[in-house]
Amino acid sequence: MSEIDYKSLGKVGVLFGGRSAEHDISIMSGSGVLAALKSKGVDAHAFDPAERSIAELAAEKFDRVFIALHGRYGEDGSMQGVLEQLNIPYTGSGVMASAIAMDKIFTKRIWQTHGISTPGYAVLNAQSDLAAITQNLGLPLIMKPPHEGSTIGITKVNTAAEMQQAYTLAAQFDEVVLAEEFIEGREFTVAVLGRGEQAYALPIIEIVAPDGNYDYQNKYFTDDTQYLCPAPLDAVLTTEIQQMAVEAYRALDCEGWARIDVLVRHSDQRPFLLEINTSPGMTGHSLVPMAAKATGMSYEDLCVEILKTARLKIRTETK
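Once you know that position 282 of the sequence shown is 282 in UniProt numbering, the rest is easy, because the numbers rise by one and skip nothing.
The set of hints was computed from the structure by calculation and includes no laboratory data.
One or more hints might be untrue.
With a straight-line Cα cutoff of 20 Å, these simulated DMTMM-like cross-link-like pairs (lysine to aspartate or glutamate) come out [what the hints assert, rightly or not]: (1) K308 x D253; (2) K11 x D301; (3) K308 x D63; (4) K61 x D43; (5) K61 x D48; (6) K156 x D211; (7) K38 x D63; (8) K40 x E84; (9) K293 x E181; (10) K61 x E51; (11) K38 x D5; (12) K313 x E84; (13) K156 x E181.
Generate the whole structure from the sequences, applying the supplied hints.
Take a look at the structure:
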């Protein structure tokens with residue numbers, strides 16, 4: 001982009017921090033985005049909704065904002081709704097897509113209606129028969145809160161005796177809990193950029209974590225996890241996974257950018273989609289910048305490209 005293009009983006013707010021359990025990661029993401037945009041000459045400014053009010057957001061008169069918030073109140077449609085009300089164009093998906101994608105249960109339901117492969121699951125509450133769940137899904141299984149990210153509140157349940165403790169942990173974060181079939185296989189992630197028919201997948205990344213444990217520590221704070229990009233997969237499976245990811249993205253009406261997590265089962269090489277992140281991490285360990293780099297796109301250029309897609313998604317009636 002030329003210098004005049006950067007200036008034409010106007011006054012830009014980078015929203016990060018926020019009130020979710022992923023606050024610290026959002027600070028890391030947003031700080032990186034802010035520095036990247038400034039390095040390109042963009043008139044970018046930090047804004048933390050946990051520290052400043054909606055009235056202050058309106059008073060800033062941003063021409064557009066880059067959402068680097070993760071989790072609740074930033075990735076779940078609530079901030080997107082605020083920005084629609086304030087008439088401030090923003091990056092990423094709209095209110096509905098953000099809300100659905102934030103809910104792993106509703107995401108699965110929509111993917112299933114589109115015939116997109118996702119692990120079997122059950123929705124639990126305090127009255128659920130945990131023993132019956134183990135019979136239906138088998139063991140091991142995964143227990144997780146459906147509205148959290150960054151592996152927060154997740155447990156791999158190996159025995160029936162561990163079910164209650166795993167449920168109690170996940171229930172600290174959500175009113176209902178998601179129990180999910182465990183897929184023994186390789187772990188991948190696929191970034192998708194764009195909108196509608198123009199949406200496309202970036203190179204697939206394989207995640208090889210120590211002892212197969214891609215937890216919060218190994219995701220953000222160690223260098224022990226290996227990332228293989230492009231992933232060592234044959235061409236047919238690569239294409240299949242990328243096409244599935246784009247279809248899953250479109251099924252939820254996502255736009256701008258997102259990242260879809262995938263498991264490929266060892267026994268039959270079948271891919272299963274786990275979840276979609278509509279405001280993915282942009283830290284030094286994050287995967288969307290890694291996939292973009294494999295295509296020759298720098299972190300700074302990626303930030304600008306995402307920022308350029310900022311828009312209001314709710315069409316205003318004209319009289």
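Results for each hint:
{"no.": "1", "hint": "K308 x D253", "verdict": "holds (19 Å)"}
{"no.": "2", "hint": "K11 x D301", "verdict": "holds (18 Å)"}
{"no.": "3", "hint": "K308 x D63", "verdict": "holds (11 Å)"}
{"no.": "4", "hint": "K61 x D43", "verdict": "holds (12 Å)"}
{"no.": "5", "hint": "K61 x D48", "verdict": "holds (15 Å)"}
{"no.": "6", "hint": "K156 x D211", "verdict": "holds (13 Å)"}
{"no.": "7", "hint": "K38 x D63", "verdict": "holds (15 Å)"}
{"no.": "8", "hint": "K40 x E84", "verdict": "violated (27 Å)"}
{"no.": "9", "hint": "K293 x E181", "verdict": "violated (33 Å)"}
{"no.": "10", "hint": "K61 x E51", "verdict": "holds (17 Å)"}
{"no.": "11", "hint": "K38 x D5", "verdict": "holds (14 Å)"}
{"no.": "12", "hint": "K313 x E84", "verdict": "holds (8 Å)"}
{"no.": "13", "hint": "K156 x E181", "verdict": "holds (10 Å)"}
Checked against the numbered hints listed earlier, the structure breaks hints 8, 9; every other hint is satisfied.
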